[in-house]
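Following the hints, put chain B in place on chain A, whose structure we already have.
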Amino acid sequence: MEKPKTLAALRKKIASGHTKAADLAARYYERIEKLNPRLNVFLSLTKERAFEQAARVDAIAAKGDPLPPLAGVPVAIKDVMVVQGAPSTAGSKILQDHRPPYDCTAVARLEAAGAVILGKTNCDEFAMGSSNENSAYGPVRNPVDPERVPGGSSGGSAAAVAANLAVATLGTDTGGSIRQPASFCGVVGVLPTYGRVSRYGLIAFASSLDRIGPFAANVRDAATMLGVIAGHDPCDATSSTAPVPDYAAESDKPASGLRIGVPAEYFGEGLDPEVRTAVENGIAALKAAGCTVKPVSLPHTKYAVPTYYLVATAEASANLARFDGVRYGYRSSNSATLSDMYSHSRDEGFGAEVKRRIFLGTYALSAGYYDAYYLKAQQVRRILAEEFLRAFEKVDAIVTPTSPVPAFKLGEKTDDPLAMYLADIYTVTASLAGICGVSVPCGATRAGLPVGMQVLARPFGESTAFRVARAVEAAGIQ
Amino acid sequence: MRFETKTKMSAKVTVEDVERVAELAHLKLAPDEVVPMLRDLNAILDYIAELNELDTSSVLPLDQVSELVSDTVPALRADQFVPSLNRAAVMAQAPETDGVFFKVPKVIER
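Going line by line, the protein sequences match chains A and B.
So for the first sequence, our numbering puts the first residue at 1; every next one is plus one.
So for the second sequence, our numbering puts the first residue at 479; every next one is plus one.
Hints in this document: simulated from the structure, not taken from any laboratory.
Any given hint might turn out to be false.
[Said to hold, decoys possible] Within a straight-line C-alpha distance of at most 27 Å, the following computed BS3-like cross-link-like pairs (lysine-lysine) qualify:
{"no.": "1", "chain 1": "B", "residue 1": "K584", "chain 2": "A", "residue 2": "K302"}
{"no.": "2", "chain 1": "A", "residue 1": "K394", "chain 2": "A", "residue 2": "K294"}
{"no.": "3", "chain 1": "A", "residue 1": "K355", "chain 2": "B", "residue 2": "K584"}
[Claimed, not checked] Cβ-to-Cβ under 7 Å is the rule here; a few derived chain B residues that face chain A:
{"no.": "4", "residue": "L516"}
{"no.": "5", "residue": "D518"}
{"no.": "6", "residue": "V578"}
[Stated by the list, open to error] Taking beta-carbon pairs under 7 Å as the criterion, some of the chain A residues facing chain B (in silico):
{"no.": "7", "residue": "A9"}
{"no.": "8", "residue": "P87"}
{"no.": "9", "residue": "T193"}
{"no.": "10", "residue": "S240"}
{"no.": "11", "residue": "V244"}
{"no.": "12", "residue": "D246"}
{"no.": "13", "residue": "Y328"}
{"no.": "14", "residue": "S332"}
{"no.": "15", "residue": "Q378"}
{"no.": "16", "residue": "R381"}
{"no.": "17", "residue": "V405"}
{"no.": "18", "residue": "F408"}
{"no.": "19", "residue": "K409"}
{"no.": "20", "residue": "S463"}
These numbers come from a predicted model, not from an experiment.
We put the beta carbon where it would ideally sit given N, CA and C, even for glycine.
Looking at chain A on its own, in the form it has when it is part of the complex (with noise of 0.2 Å):
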């Protein structure tokens, strides 16, 4: 399968002149022409603005003036985060129509650098699901074997990636949805500290959980869209003021006399063998790169996923209440009192699981039921988060399989959605204590589906979980 073209290599041709920007950007939408039908990964495309921002580039390259650090590189944006005028959809019909009056800071930081947007890519409905089969547009297939899930909420920007629809992408990751899809992919995923990239555009699930982060084809590039989208935001409350490093140089030193914890709590029963196999092969190569090595316990690991499920309900039941009919999206027609057009406007608009969802959230933080459930979930959030924080103490990365099996098949987990809650076992754990993390592929099972491995990594630790994902990378594992 064809990969993308590292960022140096692309930036040399560009700042050359051998390659131009906007010829680059038609050969993209050539190929996105080619296989967005079968894939589904491109939900639209935003060609107008594509072409001018390349235009734009090419004119720096021609004076030979010095480039900005994206300059021509096509990415594509996960359809939570709104780009001004072009569909933004979050995979839903309530927003079919919507055309945002605004961007997202973080595709603002992207195009700034001189990247070229290509379009809105494929994603679960508000970002909820594990597989990209909640789309209200249809599921995407994955690169890899088009019978089978490229994995979820961020399928789309994964699969981009994957079949080379676009150099990097952006995604968003509540649970596990940007880790779990690279793995499921074969591609680099990056789950950033909660607070170093901004929320401002981020169509929100759950406030306390949403995170963007890049995609890309290996780990150094996706250091370097890091780089450029991570920083304080005066429009995100909750974005931290703490300096961004530059994250591509930082990945560039050797993992050698780092210490590796591995907790036995993810690779307990429900993990499959092959999946097995290959994450201990990455953990052999950390070894053979000179890092130590050790266990570590995070007992409590398996009261995340009914944790998380609380908490990200609950934030996506209040979230959601926004989209009512009156200002934008969609409204039912034929509603005689405003009580109905909420009520219908909702519940044509919203797909099964989203639904099921808010339902769970209300249920979750209604009076009388408040305490036993959403309390007590933040409760136990807190222990969680110690404990990671507790073991940071002890190792400065902690590496787990991003999930338990390889990609499945469409339609093999859609009639149970507990089934499906239970493949983020590996991920929501560092989404509930705000860490972060890279998934980086370390191998493949027999049947050639990609397997991720999870370096898990303090608050504002990327540049050490980065270093790791590099020896693993560097490591070649087949």
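Just chain B now, kept in the frame of chain A:
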């Protein structure tokens, strides 16, 4: 409506609960959607009840993860009047408007 505050989870969602929640969430379930929702909610809540195994009586809830991950408290921005979104662009997205207000069906039900 009187309710007792529950302090422990119990997975026994009833049709009345589903109807009450539907009202709170402004969602109308079709008659054939009620039983599947009931079944799904009970299965999920049953699983979530595992959290009862943990004694959290002395644990503070973690509402803002920034409390744990950040040393720095972000500065509040100055309370200054600056232009916001372009009104015309915003109202262009409205399902029904007179250009200034959002028009909706009557609010008061007589």
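Hints versus structure:
Restraint check for K584 of chain B and K302 of chain A: not satisfied, since their Cα atoms lie roughly 49 Å apart, outside the 27 Å limit. For a cut-off of 27 Å, the pair hint linking K394 of chain A to K294 of chain A stands: about 9 Å separates their Cα positions. For the given pair, K355 of chain A sits about 26 Å from K584 of chain B by alpha-carbon distance, which is consistent with the 27 Å threshold. At a threshold of 7 Å, the smallest CB-CB gap from L516 of chain B to chain A is about 10 Å, leaving the interface hint violated.
The interface hint given for D518 of chain B is met, as the beta carbon of that residue sits about 6 Å from the closest beta carbon of chain A, less than 7 Å. Because the closest C-beta pair between V578 of chain B and chain A is about 13 Å apart, greater than 7 Å, the hint is violated. For A9 of chain A, the suggested interface contact is broken, since its CB lies about 35 Å from the closest CB of chain B, more than 7 Å. Among the interface hints, the one on P87 of chain A is violated; its C-beta lies about 12 Å from the nearest C-beta in chain B, farther than the 7 Å criterion.
At its closest, the beta carbon of T193 of chain A sits 6 Å from a beta carbon of chain B; the interface hint therefore holds under the 7 Å criterion. For S240 of chain A, the shortest C-beta to C-beta distance to chain B is roughly 6 Å, which falls under 7 Å, so the interface hint holds. Because the smallest distance between the Cβ of V244 of chain A and any Cβ of chain B comes to about 13 Å, over 7 Å, the interface hint for this residue is violated. Because the smallest distance between the Cβ of D246 of chain A and any Cβ of chain B comes to about 20 Å, over 7 Å, the interface hint for this residue is violated.
Of the supplied interface hints, the one on Y328 of chain A holds, with its beta-carbon coming within about 4 Å of a beta-carbon of chain B, less than 7 Å. For S332 of chain A, the suggested interface contact is broken, since its CB lies about 9 Å from the closest CB of chain B, more than 7 Å. Interface restraint check: Q378 of chain A against chain B, minimum CB-CB distance 3 Å, threshold 7 Å, status holds. Proximity of R381 of chain A to chain B holds as hinted, the smallest CB-CB distance being about 5 Å (cut-off 7 Å).
Using the Cβ-Cβ criterion of 7 Å, the hint placing V405 of chain A at the interface with chain B is not satisfied: the shortest such distance is roughly 19 Å. Because the smallest distance between the Cβ of F408 of chain A and any Cβ of chain B comes to about 20 Å, over 7 Å, the interface hint for this residue is violated. Nearest Cβ of chain B to the Cβ of K409 of chain A: about 22 Å, over the 7 Å cut. The hint is violated. Residue-level restraint check for S463 of chain A is violated (minimum Cβ-Cβ distance to chain B is 15 Å; threshold 7 Å).
Violated hints, in rising order: 1, 4, 6, 7, 8, 11, 12, 14, 17, 18, 19, 20; the structure is consistent with all others.
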